[in-house]
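**Q** With the hints as extra help, turn the sequences into a complete structure.
Here are the chains, one letter per residue:
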Amino acid sequence: MKFFSLLKANLFRSRKRTFLTIASVALALFLFASLRTVVTTIAAAAQFGSARRLVVTNSTGFVLPLPVAYANRLEAMEGIGTVTWANWFGGKYGDNKRFFGQFAVDPESYLAMYPEMSVPADQKEAFFRDRSGALIGKRLLDVFGWKVGQSITLQGTIFPGDWTFTISGVYTPTDAVINDDMMLFHWEYLDEKIGRPGIAGWYIFEIDRPEDAARISKAVDDQFRSSPAPTKTGTEQAFNASFATMWGNISLLMNTIGMAVVFAILLVTANAMMMSARERTREIAVLKTIGFSDRRLFTLVMAEAGLVTMIGAVLGLGGAKLLYKGTNFNAAGFLPGFDVTTSTLLIGSGIALALMLASGIAPALRAARLPVVTALRSVE
Amino acid sequence: MALVEIRDVYKSFARDAEKVEVFTGLTMDIEKGSFTALMGPSGSGKSTLLNLVAGLDKPTSGKVSVNGQVVSAMSPAQLANWRAEHVGFVFQSFNLLPVLTAYQNVELPLLLTRLSKRERDERIKLALEVVGLSDRMGHYPRQLSGGQEQRVSIARAIVADPTLVLLDEPTGQLDAKSSQEVLTLLGRLNDEFGKTILIVTHDPQAAARAKKTLHLEKGEFVEQAGAAR
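Residue numbers (the numbering used here), protein chains in the order written: chain A, 1 to 380; chain B, 1 to 229.
The set of hints was computed from the structure by calculation and includes no laboratory data. Since this is a predicted model, take the numbers as computed values, not measurements. Built from N, CA and C at the ideal position, the CB exists for glycine as well. Any given hint could turn out to be false.
[As the list claims (entries may be wrong)] Here are the simulated distance ranges between beta carbons:
id: 1; chain 1: A; residue 1: Ser343; chain 2: B; residue 2: Lys125; range: 47 to 55 Å
id: 2; chain 1: A; residue 1: Ser343; chain 2: B; residue 2: Arg15; range: 51 to 59 Å
id: 3; chain 1: B; residue 1: Arg142; chain 2: A; residue 2: Leu357; range: 42 to 50 Å
id: 4; chain 1: B; residue 1: Lys125; chain 2: A; residue 2: Lys325; range: 49 to 57 Å
id: 5; chain 1: B; residue 1: Lys63; chain 2: A; residue 2: Val261; range: 54 to 62 Å
id: 6; chain 1: B; residue 1: Asp8; chain 2: A; residue 2: Glu279; range: 35 to 43 Å
[What the hints assert, rightly or not] Sample of chain A residues facing chain B (criterion: CB under 7 Å; computed from the structure):
id: 7; residue: Lys2
id: 8; residue: Ala9
id: 9; residue: Leu11
id: 10; residue: Arg13
id: 11; residue: Asp191
id: 12; residue: Val286
id: 13; residue: Thr289
id: 14; residue: Ile290
id: 15; residue: Gly291
id: 16; residue: Val372
id: 17; residue: Thr374
**A** What follows is the structure in structure tokens.
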């Protein structure tokens, strides 16, 4: 600790440079943590799903609908429990600057299927009772400043016209990967307003034993193979993963470009730190004359690099963690809530350590090996 | 036994392809409590001799001993420890660390000791008092005059109570008044505190303050004169 004053004095030698160096490290690690969090969030979303929930879509593509009459036939099949369905609505609210997903669902069966969506009992009842009722994610409610009981009007895009809903209740996810940025409303309301075509976007059903998933999926698809709307059935996890694969190339791109940017910033930072040490050749020679050993000077220069990277790492990684946690950031509803994972923090700390070594070792070795007489002669 | 014993020292440098012989069998003694001035033209080997005694450089052959310890045989790590304990060095251009206050600059050698913060504080204040700068402790080098900077540098050299105080042209960058102050201070250190002082100088006035003057030319002593003081 007695050398801390020397360390501090050296760091404050050029406040602007030290600030910029720390800011560079912090920015690089913040970028790293953010980009990696996108990747880990996509991966987590892909892995979400109960092994007991299967999803049925149109075999031609999930944007094409299925007859709602399939629900009864699915329920009648052996090994299948609760069945529910949903439709993508795709409406706009206000100036549409803030996107959020809206789904027409069968309320009772849908909420029974997703116990991860917690709704107060009275609000749940209110939602079930009101055909124009809507259940809103907690975050969405906060974003728009809506209140329970308030009426909101959406402009339909797939289903044109003004659509007015009454907010019956609020759901709160108990699993972080469940999006808290959605709106659920009655499928009946949609079906009625568009002339009762009886279509469902996709079905979700529960099975008793996960090991039966492949067999039951095949049985479902076989049953509808010759119908006008053949099906494709798979686990909820596989369904979510299929969305994630759409992000796959973006993840790769983010990883590649992101790491290149981070590496470039780190090189600049390392260079600044090496320059800072190089400027002190005379002082290092003086310290050696006083009796500072090679090892002590090596340690001092490394400690300086360590302090700069440590402060930068705490600001960058800690900042990312607090920012995403505090704001519950979710990329405008496209991804579940961001959370900087422990593995990201550990890798980020590893990068900081590597930076400390990369930027510190060269000047530290130079300081340790500096021939004092030559150094003094060159400056005397 | 002399405090510093230099025995049959050879020292050569490689300058480009040429080998420059600085000392060829130099032998000399410096007594404990002495105040010795080393004079001579540029390139005569004065600073090289000072560096050898300070353990900053090693002879090509021969032996340099201080207080019975063979400095020329020590490893770099041993030399660093030895310098911290036994040598106080004063440079021509002061070489104070600009980011540290006078107090912090003087504290540097004490950081290498086991002294407590309180003990260090006492020593620093005493050293700064001896050089007459008690009221400038919190000043940075840029806030001090050249003479004051050199006095801080001397405080730094004596604060750890070294065996030897070595000075390389300490008045070379000072005006006449500041030079006199520094030389008076060196005289006090020698007379009142019994410090052994070896000073390299071009300045006859500085040499006149010493009790013994040695003249080096081409790596050899050409004349030795005892001062009249």
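**Q** Hint by hint, where does the structure go against what was stated? Just the numbers, ascending.
**A** 3, 9, 11 and 17
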